[in-house]
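Based on the sequences and whatever the hints tell you, model everything.
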Amino acid sequence: MAPRPTASDRLDRDELLSTALAIADSDGLDAVTLRRVATEFHVTPMALYWHFKDKDALLDALVERMLAEVTLDDSDDLRSVMTTMLGVLRAHPALAEITPLRSMRTEAGLALAERVVGLLRAEGHSPVAAAQLSIFLLNALIGLVVQQPGEVAVPDPAQRGALLAAKRARLKSLPPEAWPHLTETADFFLGLPDEEEYYDRGLTLLRRAIRTD
1 MAPRPTASDR
11 LDRDELLSTA
21 LAIADSDGLD
31 AVTLRRVATE
41 FHVTPMALYW
51 HFKDKDALLD
61 ALVERMLAEV
71 TLDDSDDLRS
81 VMTTMLGVLR
91 AHPALAEITP
101 LRSMRTEAGL
111 ALAERVVGLL
121 RAEGHSPVAA
131 AQLSIFLLNA
141 LIGLVVQQPG
151 EVAVPDPAQR
161 GALLAAKRAR
171 LKSLPPEAWP
181 HLTETADFFL
191 GLPDEEEYYD
201 RGLTLLRRAI
211 RTD
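Position 57, counted from 1, in the sequence shown is what UniProt numbering calls 57; the numbers after and before it change by one each time, with no gaps.
No wet-lab data here; the hints were simulated from the structure.
In the SDA-like style, the derived pairs of lysine to any residue whose C-alpha atoms are separated by at most 25 Å in a straight line are: (1) K55 x P93; (2) K167 x L192; (3) K53 x P100; (4) K55 x D30; (5) K55 x R36.
Below, the structure written as structure tokens:
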């Protein structure tokens with residue numbers, strides 16, 4: 001009789017990553033641990049070490065998995081690339097803030113950076129400007145997602161709610177005669193009446209800011 005495969009051999013790396021990504025999307029990055037993922041598969045954390053030596057390696061793999069969703073065509077211009085990247089970040093906001101540190105540790109991140117820098121160079125930017133603008137664009141796209149009005153970047157839902165409620169109370173208490181513009185626009189600091197309009201305005205601003213003409 002052939003020996004029974006070990007738990008590590010039976011685990012599929014893509015399935016592990018899909019589960020870890022679902023945990024990040026639903027419960028935030030702090031909830032993504034080897035133990036939590038192992039529990040979902042009814043194995044011990046040691047069974048995952050064949051695929052990920054530690055949490056750091058798991059997070060690198062998650063960023064690579066996310067960036068692999070940025071599917072591009074050869075004809076895509078910079079606005080299209082930015083739009084696609086923004087869509088992926090919106091789908092996985094918990095991973096957004098760790099993306100700059102980890103993206104170039106991955107093949108998918110290197111490929112995306114190569115594409116963006118190439119498009120910027122083709123527009124006439126110098127090598128140093130293209131490199132720096134690519135970093136600026138990534139951080140700006142992340143900022144659009146994690147600093148979206150009505151969102152507070154803390155993991156605890158109750159704390160998020162309390163902070164947003166305090167911000168709402170402060171803005172709503174401002175006297176209109178002293179703060180006419182802020183009282184007129186207070187609701188737009190607290191949430192988005194039109195999410196697509198918000199993101200389109202952000203993309204348009206970024207695109208105009210880096211034009212060379």
